[in-house]
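K.L.:
Since the structure of chain A is provided, determine the placement of chain B on it from the hints.
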Amino acid sequence: MKIYIGFIVAASKMFFRRKSSIFWTLFFPVVIMLALGNFNFGAYSAPNVGLINNSTDQAASNISNALLKTSTIVVKNLESIAEGDAALEKGSIVAYIEIPDNFIKTEGKIEITTREGDKPELELVQNVVFVALSNANNTASKLNEENAILTNIADIRYQGYTGFLVAGIVGMAIMQSGIFTVVFTLLSYKNQGVLRRLRATPISPAHFIVGHLVSRVFIIVCQTALLLAIGAVFLGVSIGLGNVFAYLNIFLMAILGGILFLSIGLAISSASPNEDSAPALANLVTFPMLFLSGVFFPIDYLPKSIYYFCNLLPLTHVAEGIRLSVLYGYSTLDTLPQLGYTFIWMIIAFAICAKTFKWE
Amino acid sequence: MSIIQVKDIKKNYKDFEAVRGVSFDVAEGEVFGLLGPNGAGKTTIVEILEGLRKLSSGQATIDNFNVTTEIKDIKKIIGVQLQSVNFFEMLSLYEIVELFALLYEATPNSNDVLSRVGLLNKKQARFKELSGGQQQRLSIAVALVNNPKILFFDEPTTGLDPQARRNMWELIQSFKNDGKTIMLTTHYMEEAEELCDRVAIIDEGKIIKIGSPSSLIDELTNSGFKSSKKIRAATLEDVFINLTGKSLRED
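Taken in sequence, the protein lines are chains A and B. Under our numbering, the first residue of the first sequence is numbered 4, with each subsequent residue one higher. Under our numbering, the first residue of the second sequence is numbered 1153, with each subsequent residue one higher.
One or more hints might be untrue.
[What the hints assert, rightly or not] Quick list of in silico lysine-lysine cross-link-like pairs, DSSO-like style, CA-CA up to 30 Å:
id, chain 1, residue 1, chain 2, residue 2
1, A, K358, B, K1162
2, A, K72, A, K112
3, A, K79, A, K307
4, B, K1301, A, K5
5, B, K1398, B, K1332
6, A, K361, A, K5
7, A, K5, B, K1206
8, B, K1224, A, K361
9, A, K112, A, K93
10, A, K193, B, K1228
11, B, K1398, A, K16
12, B, K1206, B, K1361
13, B, K1206, B, K1332
14, B, K1166, B, K1206
15, A, K361, B, K1228
16, A, K5, A, K16
17, B, K1159, A, K361
18, A, K112, A, K79
19, A, K193, B, K1275
20, B, K1166, A, K361
21, A, K16, B, K1275
22, A, K112, A, K122
23, B, K1332, B, K1162
24, A, K193, B, K1166
25, B, K1358, B, K1378
26, B, K1332, A, K5
27, B, K1159, B, K1224
28, A, K361, B, K1280
29, B, K1382, B, K1398
30, A, K193, B, K1162
31, B, K1398, B, K1328
32, A, K5, B, K1228
33, A, K5, B, K1398
34, A, K193, B, K1280
35, A, K358, B, K1224
36, A, K361, B, K1206
37, B, K1162, A, K361
38, B, K1280, A, K22
39, A, K22, B, K1275
Note that these hints are calculated values from the structure, not bench results.
Extracted from the complex, chain A is given alone in its bound form:
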């Protein structure tokens, strides 16, 4: 046990003494967070809008088809209001349109539901629906009246793109710190013969691996806390809705995710034939996850095959678990699926790392 503690203390001292490593651990995530957090990406593409068609009427189906054809908004078919609220909450749609089952016959009205503060989006969707109503050939004249449309504000908590991004960046930072810091540290130890010298002592690789993992996980937890604090102070994101269990869950995700990505980092440094190939290999692993794990944008409406692939990636679940706790105050029990996936990935990565570790 003393040996483990000795390694943990030594590895932590070495990390904090190297000013450049502290800088790089925080610099990129903070710059990306602040730059993108103040940026309105929604303005550059047609927004996603959900459509729930409860009517079997031909008129409803005509309107539905007209909506699907428009290029001003991208319409996604939804099954229920609950699904619509969930998608709104997540930010994967800006509004949803509901066509009631009593549409036409009993003068049921089309309802548009948006989030608090989404006024421009509401106006846009209102216009689109109005045009669709006007163009639907066989609709009754009453439907051409503006009062055929009702608007609602969904009863959800939505923290905007900034909220989505802050949680995503925290996940990304766990991956980057986990993989890149160990890959480079370990390779330099290897090349300088430090590991060789350690091998001449009676310790086992487990002492070295565990010592390093624990010190780095501690650093990752600190980094997570610092990034969330920056998100709260500078971007006004409310973290965990004041739920202590949500905070605990964020740190639990950071610990599991930390061990997972550190193990991948150790495995990469063992698999790299030389110092030159290691950064390439590390980028090969991290790059797809950076863009396909829901760090910068929701992945729900990516093409199905890509969506399934995204769900295989470990960062998807780490980022999602953290996001649920950060934005909606979810505790550990509420994020069991994300924790489960992360845990399985962690076991796989740790097994590979332990199996492939080489002193030289």
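P.N.:
Chain B only, in chain A's frame:
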């Protein structure tokens, strides 16, 4: 009584035979030198005994522990100075000694260890700030943390200036006076002559001669050998040391 026993050890790397059946014994308290040109297999033999490489065949024991099956026990009783080595660059010398002591679960006085190799005044320095001679001395300090019975020194004076080299010789001599068994590899013959009780001359992975330096010289001169070099009362190195002084320059 032999503390190191090596019997017909071989080490192959694919088709290349780096060590081709080497046998020797080292007595307790003896300074035993492995001499040979670069690539002769000296380091490979030493690293097999240190547990850094695996034997292809043969048998070796250190203090009755088998190098193949009981290497962990061996590592606890030996001190190792590797040919080229680095230490954690963000730790001070004192912290490095403390960390290595912990790895051996030993509790030496780290100040005493650093003082023994003349680095106490550098205890807060980092490894990279040291001169070549100081780096070698730190490597030896780290080898001492577990108070080992046997010390392995692999080319400890390569790249050092004459002052640092003589200082290193005095240090190694002091370990001998403490009763430690020392195994030393070198390709400096005067170093072997100065320090070793017996030497094994190795070439192309084989031992071609074992004996004390004086017996090997006698054997050669008795065979009628005459050195083409005129023997003088002093060497150029003596002139150098006489002019520049014995004290170490790096401190």
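K.L.:
Would you mind marking each hint as holding or not holding in the structure?
P.N.:
Against the structure, the hints:
1. A hinted pair counts as satisfied when its Cα atoms are at most 30 Å apart, and K358(A) with K1162(B) qualifies at roughly 28 Å.
2. Straight-line distance between C-alpha atoms of K72(A) and K112(A) comes to about 21 Å, which keeps the hinted pair within the 30 Å bound.
3. With a CA separation close to 13 Å, the supplied pair K79(A) and K307(A) stays within the 30 Å bound.
4. About 24 Å separates the Cα atoms of K1301(B) and K5(A), which keeps this hinted pair within 30 Å; it holds.
5. Distance hint between K1398(B) and K1332(B) is fulfilled; the C-alpha atoms sit about 26 Å from each other, no more than 30 Å.
6. Between K361(A) and K5(A) the alpha-carbon distance is near 23 Å, which keeps this suggested pair within the 30 Å criterion.
7. The hinted pair formed by K5(A) and K1206(B) meets the criterion: a straight-line CA distance of about 29 Å does not exceed 30 Å.
8. Note on K1224(B) and K361(A): the hinted pairing holds, with a Cα-Cα distance of about 17 Å set against a maximum of 30 Å.
9. Simply put, K112(A) and K93(A) have alpha-carbon atoms about 26 Å apart, close enough for the 30 Å limit, and the pair holds.
10. A threshold of 30 Å between alpha carbons decides the hint, and for K193(A) with K1228(B) the separation of about 23 Å falls inside it, so the pair holds.
11. Note on K1398(B) and K16(A): the hinted pairing is violated, with a Cα-Cα distance of about 38 Å set against a maximum of 30 Å.
12. The suggested pairing of K1206(B) with K1361(B) holds, with an alpha-carbon distance near 25 Å, which does not exceed 30 Å.
13. Taking the CA atoms of K1206(B) and K1332(B), the gap is near 25 Å; set against the 30 Å cutoff, the hint holds.
14. For the suggested pair K1166(B) and K1206(B), the alpha carbons sit about 13 Å apart, so the restraint of at most 30 Å is met.
15. Taken as a hint, the K361(A) and K1228(B) pair is honoured in the structure, with Cα atoms around 21 Å apart against an allowance of 30 Å.
16. For the suggested pair K5(A) and K16(A), the alpha carbons sit about 16 Å apart, so the restraint of at most 30 Å is met.
17. Only pairs whose Cα atoms come within 30 Å are accepted, and K1159(B) paired with K361(A) is accepted, the gap being roughly 29 Å.
18. Restraint check: the Cα-Cα separation between K112(A) and K79(A) comes to about 20 Å, which is no more than 30 Å; the hinted pair holds.
19. At most 30 Å may separate the alpha-carbon atoms for a hinted pair to count; K193(A) and K1275(B) meet this at roughly 25 Å.
20. Proposed proximity of K1166(B) and K361(A) is supported: the alpha carbons are some 20 Å apart, at most 30 Å.
21. Between K16(A) and K1275(B) the alpha-carbon distance is near 16 Å, which keeps this suggested pair within the 30 Å criterion.
22. For the proposed pair K112(A) and K122(A), the alpha carbon gap of about 20 Å is at most 30 Å, so the pair holds.
23. Proposed proximity of K1332(B) and K1162(B) is supported: the alpha carbons are some 27 Å apart, at most 30 Å.
24. For the proposed pair K193(A) and K1166(B), the alpha carbon gap of about 23 Å is at most 30 Å, so the pair holds.
25. With a C-alpha separation of about 26 Å, the suggested pair K1358(B) and K1378(B) falls inside the 30 Å cut-off, and the hint holds.
26. Straight-line distance between C-alpha atoms of K1332(B) and K5(A) comes to about 28 Å, which keeps the hinted pair within the 30 Å bound.
27. The suggested pairing of K1159(B) with K1224(B) holds, with an alpha-carbon distance near 20 Å, which does not exceed 30 Å.
28. Distance hint between K361(A) and K1280(B) is fulfilled; the C-alpha atoms sit about 25 Å from each other, no more than 30 Å.
29. At roughly 26 Å between alpha-carbon atoms, K1382(B) and K1398(B) fall within 30 Å of each other, so this suggested pair holds.
30. Taking the CA atoms of K193(A) and K1162(B), the gap is about 26 Å. The hint holds against a cut of 30 Å.
31. Between K1398(B) and K1328(B), the direct Cα distance comes to roughly 21 Å. Compliance with the 30 Å bound is thereby established for this hinted pair.
32. A threshold of 30 Å between alpha carbons decides the hint, and for K5(A) with K1228(B) the separation of about 16 Å falls inside it, so the pair holds.
33. For the proposed pair K5(A) and K1398(B), the alpha carbon gap of about 42 Å is over 30 Å, so the pair is violated.
34. A threshold of 30 Å between alpha carbons decides the hint, and for K193(A) with K1280(B) the separation of about 16 Å falls inside it, so the pair holds.
35. This hinted pair checks out: K358(A) and K1224(B) have alpha carbons roughly 20 Å apart, not beyond 30 Å.
36. With a C-alpha separation of about 14 Å, the suggested pairing of K361(A) with K1206(B) holds against the 30 Å cut-off.
37. For the suggested pair K1162(B) and K361(A), the alpha carbons sit about 23 Å apart, so the restraint of at most 30 Å is met.
38. Pair hint K1280(B) plus K22(A) holds up; C-alpha atoms about 17 Å apart against a cutoff of 30 Å.
39. Straight-line distance between C-alpha atoms of K22(A) and K1275(B) comes to about 22 Å, which keeps the hinted pair within the 30 Å bound.
Checked against the numbered hints above, the structure violates hints 11, 33; every other hint is satisfied.
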